[in-house]
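For reference, the chains in residue letters:
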Amino acid sequence: GAVVSQHPSRVICKSGTSVKIECRSLDFQATTMFWYRQFPKQSLMLMATSNEGSKATYEQGVEKDKFLINHASLTLSTLTVTSAHPEDSSFYICSAPPPTGLGGGYGYTFGSGTRLTVV
Amino acid sequence: DAKTTQPNSMESNEEEPVHLPCNHSTISGTDYIHWYRQLPSQGPEYVIHGLTSNVNNRMASLAIAEDRKSSTLILHRATLRDAAVYYCILRDVPGGWGGSEKLVFGKGTKLTVNP
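From first to last, the protein sequence lines stand for chains A and B. The opening position of the first sequence corresponds to residue 1143 in this note's numbering, with each subsequent residue numbered one higher. The opening position of the second sequence corresponds to residue 103 in this note's numbering, with each subsequent residue numbered one higher.
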């Protein structure tokens, strides 16, 4: 089945630095990638949608200058948390939908998540 | 906002069946019912989906009410590895072809499996 590889799995960084998270679709082309954030004991909150070759779409309340998303190829989407602060510490997850046109009967593929801790 | 309602938590014993309910009273004709689960410290994984008919796969069964306003995910024999948060999500697929619709997660049901 479809696999999305997400790296790193966990990262600790100092306050004020930037961190890049990568998601690669290994055996399919992902023209769209969704980025979620999950705080402890809470559900996944959609942050933004990245589309290959165009600007990302951010959900209301998400700072686009802080969470930079790049989707430069059909197999790679990246999320960069800029000038990270402790409140950005969270679990970040990417997800790719099934190829367009297959109908509603296919599941979405998720990365394994990145645990970001800002100290 | 999530369009589904699930109990916050459920408990089961190992080797016993588990029925996880989901209410989606405002479901539309183009909504597929998807189930995902999230094990601790991992990304969600796809479990099963359905539109109108009941569905079976190697992981679980999905029973859909005739009016489609509710569904039940059935784990036939729960194992300790099934302990996870289970999410019931509606995926709108206008025209039936499927685009890149975003999935909106509700709070899900936390399943505890006792040995």
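Derived from the structure by calculation, the hints contain no laboratory data. Do not rely on the hints blindly, as some may be mistaken.
As the list claims (entries may be wrong) - One-sided excerpt, in silico: chain A residues whose CB lies under 7 Å from chain B:
(1) L1186
(2) L1188
(3) Y1200
(4) I1235
(5) Y1250
Idealized CB from N, CA, C, for every residue including glycine.
Hint check:
no.: 1; hint: L1186; verdict: holds (4 Å)
no.: 2; hint: L1188; verdict: holds (6 Å)
no.: 3; hint: Y1200; verdict: violated (12 Å)
no.: 4; hint: I1235; verdict: holds (5 Å)
no.: 5; hint: Y1250; verdict: holds (6 Å)
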